[in-house]
Amino acid sequence: MNAPAAETMRALPKKKWKSPIGKETLPGYIFISPWLIGFLLLTAWPIGQSLYLSFTEYSMLSAPQWIGTANYERMWSDATFWKSLRVTFTFVLFAVPLRLAFSLLVAMLLNRAMRGMNLYRTLIYFPSLIGGSVAVAALWRNMFGVDGYINSILGFFGIPGMGWISHPDTALYTLILLNTWQFGSTMVIFLAGLKQIPTELYEAASVDGAGPVRKFFNVTLPMLSPVMFFNLVLTVINSFQMFTAAFIITKGGPVQSTYMYALFLYEKAFKHYQMGYASALAWVLLAIVGILTAINFLASKYWVFYENEGGGKR
Amino acid sequence: MRIRASSVLNHAFMIAFSFIMIYPVIWWIGASLKKTEELRLPTIWPEVPIWENYTKGWEFSANYTFGHFFANTLLMEVGNVVGGVLTAAVVAFGFARLNFPLRGFWFSLMMLTLMLPGQVTIVPQYILYNTFGFVDSYVPLVLPHFFGGGAFFIFLLVQFIRGIPRDLDEAAKIDGASIYGIFGRIIFPLIKPALVTVGIFTFIWSWDDFFSQMLYLSSVDKFTVGLALRMFIDQFEVQWGQLLAMSLLSIVPSVLIFFFAQKHFVEGIATTGLKG
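Quick note, the sequences are listed as chains X and D, same order. Numbering follows UniProt numbering, with no gaps: position 75 of the first sequence is 75. Numbering follows UniProt numbering, with no gaps: position 178 of the second sequence is 178.
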C-alpha cells in the first residue's frame, strides 16, 4: 500500500457507515462475481431451460412445442437408446475399476524413493499428457486397425490378427484399454494422497510385524480411502460422458458396438436437431449419474475412513 | 548385498514398465518417419527415415498450412489461460478469505457443478450462443474461462489459500491495506505456484477439448489443430503417415509446457492438502 492511499484510509472516520450485513459482504460478492455470473448464465439458466425443453419438440427453427412427456415415452421404444445405454454401462463397468486399480498401482510405484524417479514419472505419465485429443485417437485407430501395429506383432508370433476396431466384439475394449493407458489426473490425485500418509504409520506397522501386503490393506487403503472415494465418484461421472475417443476412433460403430450415450445424445441434438429429445436424454443421464453418485455417497459411510473423526473404521 | 540386488531388480522393473507405457509413442515417432509401404511392417523404426510426411502433412489442406491452425489454437489458448488464471484467483480469494452471507451455500453449489454432466447444459448453451450470433467464433470457447476458470481450479486455489497463514492478512490490515490490497499484494503473489498449475491444466485441457471446438467452430478458417486433424481423418483416403506426423506435432505444445513446469504438476496438487 503506498503512502498517500494509506493516509487516506486512516483519515477516514471509523464506523462512518455500519452495515447490518457485514462489511465483507460487498467485497465478497465482488470477488466471487465472475463465478456467480458464469454459474447463473451458463449453468443455472441452461439447467432450467434444458428441463423445459425436454418436454417440448424443438428444432431451433421454430418455437418449442410443448408435448408433455412424449420425449421420455419415446425412449422406452427407442432401440438405439437402450443399445447406447447398454454400451455405456458396459464401458463404465470395465473402465472404472481398471482405471482406478491401474492408477493406484502406478501411483504406488511412483511414490517410492528411487534414483531416476523423475524420469520414470515423466515417461509413465506421458500417455496421459496427450489426453483425449484427436492425435491419440489417430494413433489408436492405426495401431489396432487391420493393417495396424498390433496385428503385425501378433503375426510375428504366428497369431492371426483381426480388425480390433472394426470388429463389434472387441471395439469397445480397445476404448477401455485406451482409457486405462491414459490414467491421467486419477493417478496424480492418488499420488498426492499417498504422499500425505505419515511414514510413522508404516514404521509402526513394521514394528508390529506387518508385511507389505498387510501394510497395503491395513494402512495404505484405509488412509487413502477419502482420495479413493473422490476418484471413484469423479471417474464414474466422467466415464458416463465418454465421447471423443468413441466419436473419432470408431464413430460409434461397428454395428453400434461403441455407440456411447454421449455420442447418441450429440447426434440427436446437433445432427438431427431434435433438441427436445436430446434434452430429455440429458436429464435421464443426469438421473442415472445422480442415483449412482448418491449410492456412492451412502456406501462411503461403510468404507471411507476420515482420520479427523477420531473413531476407527466401522 | 541384498539391497543392491533388489535395487537392480527395482530399476529393471521400472524401466520395463516405463518402456511398455511409452512404447506406442516410440512407434508413433517411428511411424511418422516411415514410407506408406513400411507402415504395416512390425518394425518400430523405419529403415530410412523420411521427412516427407511432415512437409506434405503440413500443407495437406489446399488453402491453409498447419501453421494457420496452430496460430488459431494458440490465440484461443492465450484467452483461456489469462482468463482462467486471473478469475480463478479472484473467486478463490473470495471463497477462502471473505465472510459473506450464503458463502457456504454458493461454495457447495460450485462443488456440485463438478459432478454435473456437461450434456445437461450443452443444448441450452448452444442455443444461447446461437441467439447472440457467437456460433462459429471463439467466444463460446474462451468466455467460460473468464467465469472463474472452472470449479475444479477454484477449489484447488481455495485449498491453497487456506494454507496461507492469516497472520499475513492481519499484518497487512494493520498497515492499512484494504481487502483488495490484501488480495493484490499479499495473496496473489503467494499463490503463484498454484496459479502455474491452473495455467498448465487450462492450457492442456482446452487444447484437448475437442467437443466444444467441434460444436462451435464450423468454418475451416477458424479451425483449431484438433479440428484440422479430424478433417485429415475424414479424408477419402487417409494418408496415415502424414496424419501420424501431424498428430505428433499437435501434442508438442502440451509436452513442452509439461516439461518446463513438470514439478508443479504434482507439487501444485500435493500442497493443496487435497485429502477429502
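Derived by calculation from the structure, the hints in this document are not laboratory data. Each hint should be verified, as a subset may be incorrect.
DSS-like, lysine-lysine: derived pairs with alpha carbons at most 27 Å apart [claimed, not checked]:
#, chain 1, residue 1, chain 2, residue 2
1, X, LYS195, X, LYS83
2, X, LYS301, X, LYS83
3, X, LYS251, D, LYS222
4, D, LYS192, D, LYS222
5, D, LYS222, D, LYS56
6, X, LYS215, X, LYS83
7, X, LYS195, D, LYS56
8, X, LYS215, X, LYS195
9, D, LYS222, X, LYS271
10, X, LYS271, X, LYS301
11, X, LYS23, D, LYS173
12, X, LYS195, X, LYS301
Just so you know, these numbers come straight off a predicted model, no measurement behind them.
Exercise. Can you name, in rising order, the numbers of the hints this structure does not satisfy?
Worked result: 1, 2, 4, 6, 7, 10
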